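Participant: Counting in the UniProt record's numbering, the sequence shown runs from 1 upward without gaps.
Among the hints, a few may not be true.
[What the hints assert, rightly or not] List of simulated lysine-lysine pairs, DSS-like, C-alpha gap at most 25 Å:
1) Lys-34 <-> Lys-53
2) Lys-60 <-> Lys-50
3) Lys-21 <-> Lys-84
4) Lys-84 <-> Lys-50
5) Lys-21 <-> Lys-34
6) Lys-24 <-> Lys-60
7) Lys-21 <-> Lys-60
8) Lys-21 <-> Lys-50
9) Lys-34 <-> Lys-24
10) Lys-84 <-> Lys-53
11) Lys-24 <-> Lys-84
12) Lys-34 <-> Lys-60
Think of the hints as simulated: they come from the structure by calculation, not from any bench.
Computed from a predicted structure; not experimentally measured.
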Amino acid sequence: MPGMEPTGHYWFDLGKFLQDKDRKPVLVNQYHVKQSKELDDNNPSKNDRKDPKVIAGLIKDGRFTYPYLPEGVYAELRSASNLKFQTQEELTRILNRIAR
């Protein structure tokens with residue numbers, strides 16, 4: 001069961017790839033990773049050596065969620081919605097420039 005910590009948009013491509021290969025990727029909450037890490041060694045430092053162990057432990061304990069990665073028309077709707085919001089922001093920016 002492939003698991004990851006969803007930091008930003010970086011996990012989308014890997015999650016989609018795994019989903020296309022009939023694997024079920026799972027996500028663990030970043031806050032839970034941080035809190036669990038501090039429980040293990042009482043050291044709040046974040047490094048790449050501790051994270052995989054903590055993430056694997058959370059997945060083993062069943063503390064994960066399945067991501068929703070839309071396909072087909074639903075993915076197109078999500079893209080169109082994001083494009084609409086970006087266009088609205090750009091229009092507001094242009095109108096503010098004109099007003100100034």
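Participant: State for each hint whether it applies.
Facilitator: Each hint tested on the structure:
The suggested pairing of Lys-34 with Lys-53 holds, with an alpha-carbon distance near 12 Å, which does not exceed 25 Å. Between Lys-60 and Lys-50 the CA atoms are separated by roughly 16 Å; this keeps the pair inside 25 Å, and the hint holds. Pair hint Lys-21 plus Lys-84 does not hold up; C-alpha atoms about 31 Å apart against a cutoff of 25 Å. This hinted pair does not check out: Lys-84 and Lys-50 have alpha carbons roughly 40 Å apart, beyond 25 Å.
Distance hint between Lys-21 and Lys-34 is unfulfilled; the C-alpha atoms sit about 30 Å from each other, more than 25 Å. Restraint check: the Cα-Cα separation between Lys-24 and Lys-60 comes to about 15 Å, which is no more than 25 Å; the hinted pair holds. A distance of roughly 22 Å separates the Cα atoms of Lys-21 and Lys-60; the hinted pair therefore holds under the 25 Å criterion. Under the criterion of a C-alpha separation no larger than 25 Å, the hint pairing Lys-21 with Lys-50 is inconsistent with the structure, at around 28 Å.
Distance restraint check for Lys-34 and Lys-24: the Cα-Cα separation of roughly 24 Å lies within the 25 Å cut-off, and the hinted pair is therefore satisfied. Between Lys-84 and Lys-53 the CA atoms are separated by roughly 40 Å; this puts the pair beyond 25 Å, and the hint is violated. A C-alpha spacing of about 30 Å is found between Lys-24 and Lys-84, which places the hinted pair above 25 Å, so the restraint is violated. The hinted pair formed by Lys-34 and Lys-60 meets the criterion: a straight-line CA distance of about 17 Å does not exceed 25 Å.
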